[in-house]
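Colleague: Spelled out from the first residue to the last, the chains are:
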Amino acid sequence: MAKRIDVADLDIYYGSFKAVENVTLAVEPRSVTAFIGPSGCGKSSVLRTLNRLHEVIPGAYITGKVLLDGEDIYSADVDPVNVRRTIGMVFQRPNPFPTMTIRENVTAGLTLDGARRSKAELEQVVEKSLRGANLWDEVKDRLDRPGAGLSGGQQQRLCIARAIAVEPQVLLMDEPCSALDPISTLAIEDLIEQLKLNFTIVIVTHNMQQAARVSETTAFFNLPAIGQPGRLVEIAPTEQIFSNPGEQATEDYISGRFG
Amino acid sequence: MATVGSGKFERSTSLLQDALAGRRLPRWGVGAVGLTSLLAAYLLNVLTVVDGVAGTFLVAVLLFVIGQTGWSFTVEGRRHAVDRLATTTVYAAFLIAVTPLVAVLGTVLVKGFPVFSAQFFTTSMRNVSPRSEGGGLYHALIGTLEQVGLAALIGVPIGVLAAVYLVEYAPEAKSRRLSSAISFFVDVMTGVPSVVIGLFIYTAFILTLGLPRSGFAASLALAILMLPVIVRTTEEMLRLVPRDLRESSLALGIPRWKTILKVVLPTALGGIITGAMLSIARVAGETAPLLLTTFLSQSINSNPFKGPQAALPTFIWDQFTSGTDASRARAWGGALTLIVLIMILYAGAKVIARLTGAKKS
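Residue numbers (our numbering), protein chains in the order written: chain Y, 5 to 263; chain B, 56 to 416.
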């Protein structure tokens with residue numbers, strides 16, 4: 005079910021501005037890979053190239069290769085819609101669809117992709133996804149209430165349920181806890197622990213303790229100087245990054261001596 | 056020592072109290088100043104050159120402002136005086152803004168309501184002389200409903216789709232020429248007088264293409280008039296939909312067009328409906344384009360594609376220019392009907408928006 009991702013010689017552009025250059029990394033299946041680094045270093049941009057969401061921004065494009073189990077997701081005959089169905093994403097701010105109920109939010113990816121499904125099948129998906137997101141017990145009695153009525157942490161778990169309902173192979177998370185309180189953050193981190201049994205997870209975080217807690221592998225991105233493109237400084241097992249980093253810049257950043 | 060100390064302490068307490076509480080005008084102060092001003096204005100009316108209701112009232116307001124601010128300045132100090140002056144100004148501005156609205160509604164209600172009867176809504180003006188009472192606006196009501204309905208059917212989809220193009224597709228088009236052309240012409244169209252639009256339909260469709268004068272020709276003109284309002288409001292509403300929402304829909308593997316149709320448009324629906332209703336309300340009262348495209352009719356014609364058709368604005372104009380007491384009364388009745396019609400449409404649209412739009416917990 006889970007797949008590996010290989011990125012080779014990736015350059016990311018916004019129009020004529022080169023935001024990230026020369027990224028090469030591998031994401032192992034059924035593991036959590038964390039992207040850390042200062043703001044503006046391009047870690048979110050790299051994340052967004054992994055499911056071709058980057059190109060949604062007018063003028064944005066990439067060069068280089070992104071391989072999903074050896075298959076180039078940027079080759080000309082690949083449909084970005086199919087890529088995004090295989091690689092799901094959770095965003096920084098919880099954003100359930102405001103016009104939909106909790107149930108409709110979970111099934112949105114299924115009901116809007118065109119294929120017809122029976123009601124019973126959808127019911128199963130709703131329960132399975134909400135259980136998968138540790139939200140079922142809290143919302144099972146109010147599935148027909150608006151998704152926007154939940155608390156922030158619940159909304160974010162609803163967004164995770166929505167993302168895993170389409171059964172992706174990979175789950176991308178762009179700072180999923182930065183808008184949440186510590187208790188909701190703990191709930192999401194517990195959830196990540198469970199999800200990595202089935203999914204390949206890539207998480208962008210500003211919180212280094214979080215990276216240390218949840219990830220097996222950590223990639224450190226940095227900006228060499230203002231106006232220059234961001235770079236991948238190093239990628240290594242999380243333990244090694246936090247105890248014995250290979251680069252001085254990494255050590256400066258994780259020990260707070262940065263800048 | 057002790058007595059001196061406590062004396063100082065007492066004085067500072069009273070000073071502190073003074074500083075915090077300050078001295079205020081009595082509660083009845085505002086009312087008293089108001090009454091005195093009215094009374095003084097009335098005296099001036101009787102004794103001096105101040106004349107008329109409006110003039111007297113204006114003098115009363117001026118006296119009130121001067122009296123209250125002056126009294127407050129001497130008792131409460133500068134800050135409170137300015138506060139009272141500003142408060143009075145804000146209330147006055149609000150009253151000035153609301154007065155014409157209430158006056159129009161009140162006048163139309165008082166003059167229009169007596170004409171209302173079952174007959175007024177079920178008969179036409181066919182074979183009713185302007186001098187005689189009776190007759191009705193059934194023909195005009197049908198005409199307005201059909202013309203405005205057709206105009207909305209043509210104008211709303213085109214306007215909404217144009218706005219969808221401008222917001223969702225234009226930013227990534229290779230050339231900005233089309234989108235800037237659309238934006239430019241939408242702006243220009245906002246400023247084109249309705250009579251010019253009517254003239255355009257008259258020359259293009261009736262003279263050049265040889266189509267008959269009809270309610271449909273009128274609805275074409277009304278649709279053109281509606282377009283800029285709909286495009287602009289829909290554009291603004293679509294821009295308010297957070298980028299995150301579009302991206303998370305795309306990230307679920309939902310195709311672009313379905314993202315727009317099922318996520319973006321429903322989220323913006325409340326505002327889009329409000330914009331559409333505003334434009335409908337605006338064109339429902341248009342008279343000039345109707346006179347050029349469908350002209351007048353005194354009889355019932357429920358086919359908008361053939362022959363002249365009446366409408367409420369032209370009915371009001373026709374009845375008013377007839378100049379008899381009976382016809383003027385009918386004109387007021389027509390005006391009240393038009394206002395009520397627009398209110399019903401607006402309330403209906405709000406209900407639809409609430410049922411289908413963003414859900415609140």
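For the record, the hints were derived by calculation from the structure and aren't laboratory data. Every value quoted in this text rests on a predicted model; they were computed, and no experiment measured them. For glycine and all other residues, C-beta sits at the position ideal for the given N, C-alpha and C. Some hints could be false.
Stated by the list, open to error - Here are the computed distance ranges between Cβ atoms for each label pair: (1) B:V406 / Y:P62: 34 to 40 Å; (2) Y:R121 / B:L208: 57 to 63 Å; (3) B:F176 / Y:D117: 46 to 52 Å; (4) Y:G260 / B:D138: 22 to 28 Å.
Said to hold, decoys possible - Here's a subset of chain B near chain Y, in silico, CB distances under 7 Å, partners left out: (5) P267; (6) R268; (7) V296; (8) D299; (9) L300; (10) E302; (11) S303; (12) G308; (13) K313; (14) L320; (15) T322; (16) G326.
Colleague: Return holds or violated for the Cβ distance of G260 of chain Y and D138 of chain B against the range 22 to 28 Å.
Modeller: Because 50 Å falls outside the window, the suggested range is violated.
Colleague: R268 of chain B was flagged as interface toward chain Y. Is the shortest Cβ-Cβ separation under 7 Å?
Modeller: violated, 44 Å
Colleague: Please check whether G308 of chain B passes as an interface residue: C-beta within 7 Å of a C-beta belonging to chain Y.
Modeller: Because about 3 Å separates G308 of chain B from the closest Cβ in chain Y, which is inside the 7 Å limit, the hint holds.
Colleague: Using Cβ atoms only, decide whether G326 of chain B comes closer than 7 Å to chain Y, and label the hint accordingly.
Modeller: Violated, because the Cβ-Cβ distance from G326 of chain B to chain Y comes to roughly 13 Å (cut-off 7 Å).
Colleague: Report holds or violated for the interface hint on D299 of chain B, using the least CB-CB distance to chain Y and a cut-off of 7 Å.
Modeller: holds, 5 Å
Colleague: Is 46 to 52 Å respected by the C-beta to C-beta distance linking F176 of chain B and D117 of chain Y?
Modeller: holds, 51 Å
Colleague: Does L300 of chain B pass the interface hint, meaning its C-beta sits closer than 7 Å to a C-beta of chain Y?
Modeller: holds, 6 Å
Colleague: Under the criterion of a CB-CB separation shorter than 7 Å, is T322 of chain B in contact with chain Y as hinted?
Modeller: holds, 6 Å
Colleague: Measuring from the C-beta of K313 of chain B to each C-beta in chain Y, is the shortest one below 7 Å?
Modeller: With a closest approach of 5 Å, the K313 of chain B hint holds.
Colleague: Assuming the hint says 57 to 63 Å, is it satisfied by the Cβ distance from R121 of chain Y to L208 of chain B or not?
Modeller: Violated, since R121 of chain Y and L208 of chain B (Cβ atoms, about 34 Å apart) do not stay within the stated range.
Colleague: Let's test the interface hint: is any C-beta of chain Y closer than 7 Å to that of L320 of chain B?
Modeller: It is violated, given that the least Cβ distance between L320 of chain B and chain Y is near 9 Å, above 7 Å.
Colleague: The hint names P267 of chain B as touching chain Y; please verify it with the least Cβ-Cβ distance against 7 Å.
Modeller: violated, 44 Å
This entry does not satisfy hints 2, 4, 5, 6, 7, 14 and 16, going by the numbered hints stated previously.
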